[in-house]
Amino acid sequence: MFSKLVPIPSGAMVPDRDVDKSPILECINLGVTFGGLKAVENFNLTIGRTEIAGLIGPNGAGKTTVFNLLTKVYQPTKGTILLDGNDTHGMSTIQVNRAGIARTFQNIRLFTDLTVEDNVKVGMNNAMGYNMWSGIFRLPGFWKEEKVAHQRAMELLSIFDMQDLADAKAGSLPYGAQRRLEIVRALATNPSLLLLDEPAAGMNPSETAELMENIRKIRDTFQIAVLLIEHDMNLVMNICEGICVLNFGQVIAKGSPEDIQSNPTVIEAYLGKKKEA
Amino acid sequence: MTILSNLISGVSLGSIYAIIALGYTMVYGIAKMLNFAHGDVIMVGGYLCFCSTAYLGWHPLPSVLLAMVGCTVLGIVVERLAYKPLRSAPSLAVLITAIGVSYFLQNAALLLWGSDPKVFPTFFNFSGKSSWSLFGGQLNVSYVAAITVAACLVIMLALTAFTGHTKMGKAMRAVSEDKGAAQLMGIDVNFTISMTFAIGSGLAAVAGVLLCSSYPTLMPTTGSMPGIKAFTAAVFGGIGSIPGALLGGVLLGVIEIFARAYVSTQLSDAIVFAVLIVVLLVKPSGLLGKLVREKV
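Taken in sequence, the protein lines are chains A and B.
Positions 1 to 277 (the working numbering) are the ones given, in order, by the first sequence.
Positions 1001 to 1296 (the working numbering) are the ones given, in order, by the second sequence.
Simulated from the structure, these hints should not be mistaken for lab results.
Careful: at least some of the hints might be erroneous.
Claimed, not checked - Some chain B residues judged to face chain A by a derived CB distance under 7 Å, without partners named: (1) K1167; (2) A1171; (3) M1185; (4) G1186.
Backbone N, C-alpha and C define an ideal beta-carbon position, used for all residues, glycine too.
Using the sequences provided together with the hints, build the complete structure.
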C-alpha cells in the first residue's frame, strides 16, 4: 500500500504519508442527538494524513462531543466516520484506538498512581508481547520486551524532555507536565490520528509556544495527523493548516486560518451581532 | 510456649483470611464492587477438591488443581452472567446481585452434596506425621499451618510482581483508576475485569483447600463466615491494597485466636469486629488504605 517508509527515533519505520494523498479521516454528515437535543448535526470534516487541523467554537458548541464520537465514547446516531478509508461503524472504543485514533482529555485523566513511565507503557499495552508468566517470573522474554518497552517509553518522553521524570508518580507532576504526559501516553498507542482536547489549557505563553513547536515536531517525526480543540487563538492560527468552526453543533465555517479570521459568521459567533447604528 | 503456639495458629488462620481477602480487595479495586459471593467460591473449591479425592480417588495435587481451575471458571462465568450486565447499574444493584449469587451457590451445593457435613481428607500427612515436634515436644507446628503461611507469602509476592511488572497488571491498575481513560488507551476493560475475577476465584480455591485442611468439616455454609471475616480483613487493612489484605488478614487471625484462647471462645468474633470498629473510627480508610479526597 505504501511505497515509502520513513524512520522514527526508535528505529521503527512508519509509512511516509506524503506519498499517500488520501485523507486519514472523513466525517460524513455525522450527527448525534441526546434525547431531543441535537448536540452535533451534519458534521463534515476531512483531515489529511499529515495535517494539523483545528476545531474551534464557543463553549458548548459540541467540540468535545465530536471527539467523543470519533473515539466512540458516544455512538453517532447519524452519518459515517471513515478512518483510513474504512467505515468505523459499530466499532468499540478499544477497536477505534487500535485502528489508530488516540486522544487526550480536556480535564486531565492520567493514571495518577502509576509512574510516568508506566503511564506510557499502559498506552503501549497492545504492542507489548510478553505474557503473564514471563512477567511474574521475569523470564528472558520479559527482559527483552521490557527493554524495548523502556527504550520506546524513554524516546517518547524525550519529545518533551521528560525522561528524568520517568520514575515519578504521574499525580505528583506539575500541571503542565501532566498535560504533556497525556500527549505522550496517547502517542504510545501508536496512532495515525492524534486528538488533542485543549492541550494548552492553563499553560503560560512560553509553555504554549513550546507546545506549538512540539505539536509540529510530533507531526513531522511520526508522520501523523493532529486534530486539536483549543481556545488559544494564537496557537490555533499559528499551527493549524485547516480550521473548522462549530457553533450550536453545526459547522459554521471551514478553511485556512486567514479565511477563518476574516469570516463574518465566525466573528459574529464569537463576538455577537454588530448593532445597527 | 502456649503463646507461641497460639501465635502460629493465629498467623496460619490469618494467612487463609489474607488469601480470601485478596479476592475481595482486587475485585473491589478494579471493578469497584463488593463480591459477596466470594466466600461461597471457597466452599465450591473445597467440595471440588473433596469430591475428586474422596469419590474419584485422585491424588491431592491434581485435585487441588482441579479445584483451582473449576473456581476460576466459576468466577469468570458468574462475572459474565451476573455482574457484567450491571456494569453501569447503581452499585447497590450489583451488591444485591452478589448476595443473590451467594445464596444461589449455597443452595446449589445443598442440592448437589446434601446438608450433612463432609469430613475433608488430610492432605498434609507425611510419613505418618502431621506436625513437627519442636523443643522436645513442647511446641507442635502442624504441616498445614506451615504450608498455609508459606502459600500465603508466595501468593502475595507473585501478585505484587504481577500487578507491578506485567502488562496485564499495569492494565489492571489503569482500569482501577479510570475505566474510561483506560479504554481510550486501547485496554480491554471487560477482559481485564474477567481476569481479576479469575485470579480472585482461583485464589479462593486455594484458600478453600487450606481452610478445609485446618478445619476439616465441609458444609454448604462453610465459606460464608470465613468470607465475611476476610472481607473484614480487607477493610481492616485498607480495601484495594494488596499488602493491606495481608496485614489485615494476619492481624485478624491472630486477634481471633488470642481472643479465643485468653478471653472467651463465644466472644472471639465479637472482639474481632469490635477491633475493626475501633480501627475504622480512628482510620476510616483502613490500616494501609489511601484516603480518597474528593476534589472540589
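Okay, the hints, checked on the actual structure:
no.	hint	in the structure
1	K1167	holds (5 Å)
2	A1171	holds (6 Å)
3	M1185	holds (5 Å)
4	G1186	holds (4 Å)
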